Amino acid sequence: MSETTVPLASRLRSLTLRVEPRLKDPPRWYPLAVTVGAIVFALFLGGILIALSGGDPLRSYIHIARASLGSLGVFSDTLVKATPLIMAGLACSVAFRMKLWNIGAEGQFIMGAFGASAVVLTPIIPAETPSWIFIPAMILAGILGGALWGFIPGFLKARLNVNEIISSLMLNYIAVAWINFWIFAVWTEGGFQMSPAFPKNAWLPRLTDLAAEIPILSGLTTHLGLILGILAAIVAWFILYRSRWGYEIRLIGDNPQAARYAGLNITRNTVLVMMLSGALAGLGGMSEVTGVVHRLQTSPLAAGYGFTGIIVAWLAKLNPYLVVPVSIFFGALILAGREIQPSGIPKMIQGIILVSLIASDFLIRYRVHIVRRGQEA
Amino acid sequence: MRTKILWQTVAVLLIATMVLSACGPEKVGNFEIPAVVKGKFNVAMVLIGPHDDGGWSQAHYEGLEYVAQNVEETHVAYIENVPEGADSEQIFRALSRKGFDLILGTSYGYMDPMETVANEFPDIMYIHLTGIKSNGKNFGNLMGAMENMKYLAGMIAGARAKLDGNPKLGYMATFPIPEEIRLGNAIALGMRKTCPECTMDVRWINTWHDPIIEKDAAASLFDAGAQVVFTGADTPAVADVAQEKGKWGVTYDWYGSCRVERCLTAPYWNWGPVYAKIAEAVKAGTYTPGWDYFDADTGALGLYGFMEGQELTTGMKDLPPEVIQEVRDLMAKTLKGEWTRFDVFSGPINDNQGNVVVPEGEKLAQVDLDAFPEFGLGCTYCMKWWAEGITAELPE
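So the protein lines, in turn, are chains A and B.
According to the working numbering, the stretch in the first sequence is residues 1 to 377, in order.
According to the working numbering, the stretch in the second sequence is residues 1 to 396, in order.
Take these hints with a grain of salt, some might be off.
To be verified - Restricting the straight-line Cα-Cα distance to at most 27 Å, the calculated cross-link-like pairs of lysine-lysine (DSS-like) are:
1) 193/B x 384/B
2) 137/B x 98/B
3) 200/A x 137/B
4) 277/B x 333/B
5) 363/B x 384/B
6) 133/B x 200/A
It is worth saying that the hints were derived from the structure and are not from the lab.
As the structure is a prediction and not an experimental result, all values here were calculated from the model.
I would like the entire structure built from these sequences, with the hints used as guidance.
Put into structure tokens, the structure is as follows:
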């Protein structure tokens with residue numbers, strides 16, 4: 001019996017997948033290719049979803065591109081949406097690099113916004129103070145608020161070995177309740193659950209503020225927070241990849257046993273990295289409240305930036321520089337997705353991208369062979 | 001061979017670009033992307049909930065469809081699920097950049113964002129519901145005298161609770177703003193008319209649209225002993241809970257919201273005629289934005305069970321005929337414009353602290369209906385009191 005007479009089905013059945021861990025590092029291009037492949041795959045799945053619900057996938061995607069990048073105005077809106085994601089993404093990246101699973105960027109973001117708002121609303125400094133004093137004070141307060149909220153789960157983890165996933169997640173809800181208390185009871189405006197608007201000198205400068213001199217900037221709401229975000233990315237990169245502390249963080253993340261034998265202080269680093277992570281998220285909250293919302297209010301601040309930051313960090317492979325373009329990608333997706341009516345599907349696509357990416361990690365750590373049964377040995 | 005493929009690709013891309021850059025509304029299968037149609041009058045609407053929420057947003061969406069059908073050469077579009085605050089500002093600006101002629105924002109919290117964007121685009125008309133601001137140029141306010149319908153619904157609910165032998169009502173209010181207090185007071189005044197011994201409890205839910213919170217609040221009011229519960233929020237959740245509990249719910253906003261047997265009635269909006277009138281005027285360049293507050297004689301207000309072609313609901317059928325007749329008489333008067341919002345709030349009115357709010361022979365003015373004293377709008381009586389019979393205190 002010659003081989004060609006064997007039916008196709010049984011030939012396929014005789015094939016089997018063999019999975020083995022990679023012993024060598026894959027080539028440099030490989031992780032990038034897998035990531036891009038995962039996004040394409042996710043968009044393809046999303047396309048099927050769009051088609052199933054009666055839409056036209058290709059035109060939907062083209063629309064997303066046009067509605068978020070198609071003109072100066074919408075690109076500015078995309079950058080505004082990307083700004084909080086950059087900071088939240090950086091916050092998650094530094095913590096995840098040490099394998100500290102900080103799920104609390106959302107709460108740290110909110111506490112950063114609270115810290116910045118307290119400067120204006122308490123008021124810690126009077127309303128007529130010039131911007132150049134206001135803004136640094138609010139940046140400081142935002143960073144402190146976030147760092148404090150990161151310190152709590154960091155300390156609990158370091159001293160009492162409390163699972164940081166649970167404690168940081170729960171602290172998110174406490175942060176929401178905390179700002180709710182302040183805007184319900186103390187800083188309410190006219191019975192609404194929001195504080196009065198900040199005075200103009202407590203707003204981060206925006207492009208549109210220059211519209212009187214440069215008319216083309218009119219209506220462009222991109223604000224100083226974007227610059228802060230990019231600076232934060234540079235600082236985070238230098239900390240992680242060019243400093244002794246960053247080396248410790250990466251070593252602890254990759255091999256905590258070895259790090260311990262090498263005499264690294266894991267307890268101290270756990271607390272410090274959680275604080276750094278919280279500080280970055282807090283900076284994001286400060287930037288959003290003073291750059292966009294201009295008042296303390298729950299729904300626009302607790303809008304899930306801290307959670308999307310987890311996706312951003314993962315998609316950027318925890319590389320601070322990559323966090324910036326990935327945030328812009330997500331900003332575009334959020335912004336343009338909102339225009340597609342009825343709403344809903346665009347949010348699902350974000351979820352699919354995350355799942356695909358996490359699943360694709362498997363291909364980086366393992367090799368998959370197709371082998372014919374009987375040839376395995 | 002290579003070149004051929006290259007040229008084919010270029011050609012396909014070119015055609016795609018041309019198709020995509022063509023003007024016109026983008027229909028992506030069942031999905032719609034708001035865009036203007038050149039040469040038409042373009043109207044966009046921003047909604048806080050889904051366009052088919054079975055309540056507030058759906059009523060507006062149907063009003064928008066009415067505009068599309070009844071105002072000539074009009075193109076309409078909508079964006080749903082837009083949160084109040086900063087996010088909505090981006091949406092209003094995006095719609096303005098696209099070049100819509102009239103933009104309707106249908107939630108209180110869109111007020112400040114709409115004002116900001118209106119100042120950037122002086123050629124576009126912005127109409128906001130249900131706030132308290134206008135710039136007198138291209139940003140106006142719109143609301144109607146729902147208090148008349150709530151009063152009549154209060155009469156029905158009072159009679160129902162009395163008949164059931166449990167003289168307690170409940171009101172799930174959204175935010176402590178003049179609008180919600182005004183409507184709650186209208187319910188209580190109507191309730192006392194048919195059931196002087198009735199009382200009404202209040203729960204603040206701090207949301208306009210959240211089916212879960214709405215359900216929980218309704219259940220909490222029923223569990224606390226209420227026989228009939230009113231909602232001030234967007235969805236018909238209150239009637240679904242009433243159905244489970246064997247009590248009565250009064251839904252709001254949309255005529256189709258009163259579907260279950262235990263739905264007693266629904267005060268509702270019929271935005272179509274009002275929107276069409278505004279759209280015509282804006283199109284003709286004759287609309288002056290300001291504080292546009294309409295009464296029931298516009299045909300924009302209704303009470304389910306009492307309008308043309310509607311039958312009494314199950315919960316109304318065994319009520320005393322004189323109550324039903326009284327409601328019918330008042331309804332006839334309000335539709336003719338003879339019984340307005342100022343008649344609902346005419347003295348004597350007492351608050352629930354034992355004080356006289358409005359003395360005999362006095363009436364509240366428009367600014368009283370819409371303002372707290374601290375707004376600085378110069379109201380005499382204002383809307384910061386609970387009417388007699390309400391067993392709750394105003395939040396600090």
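Against the structure, the hints come out as follows:
no. : hint          : in the structure
1   : 193/B x 384/B : holds (22 Å)
2   : 137/B x 98/B  : holds (20 Å)
3   : 200/A x 137/B : holds (24 Å)
4   : 277/B x 333/B : holds (23 Å)
5   : 363/B x 384/B : holds (15 Å)
6   : 133/B x 200/A : holds (20 Å)
Checked against the numbered hints given earlier, the structure satisfies every one of them.
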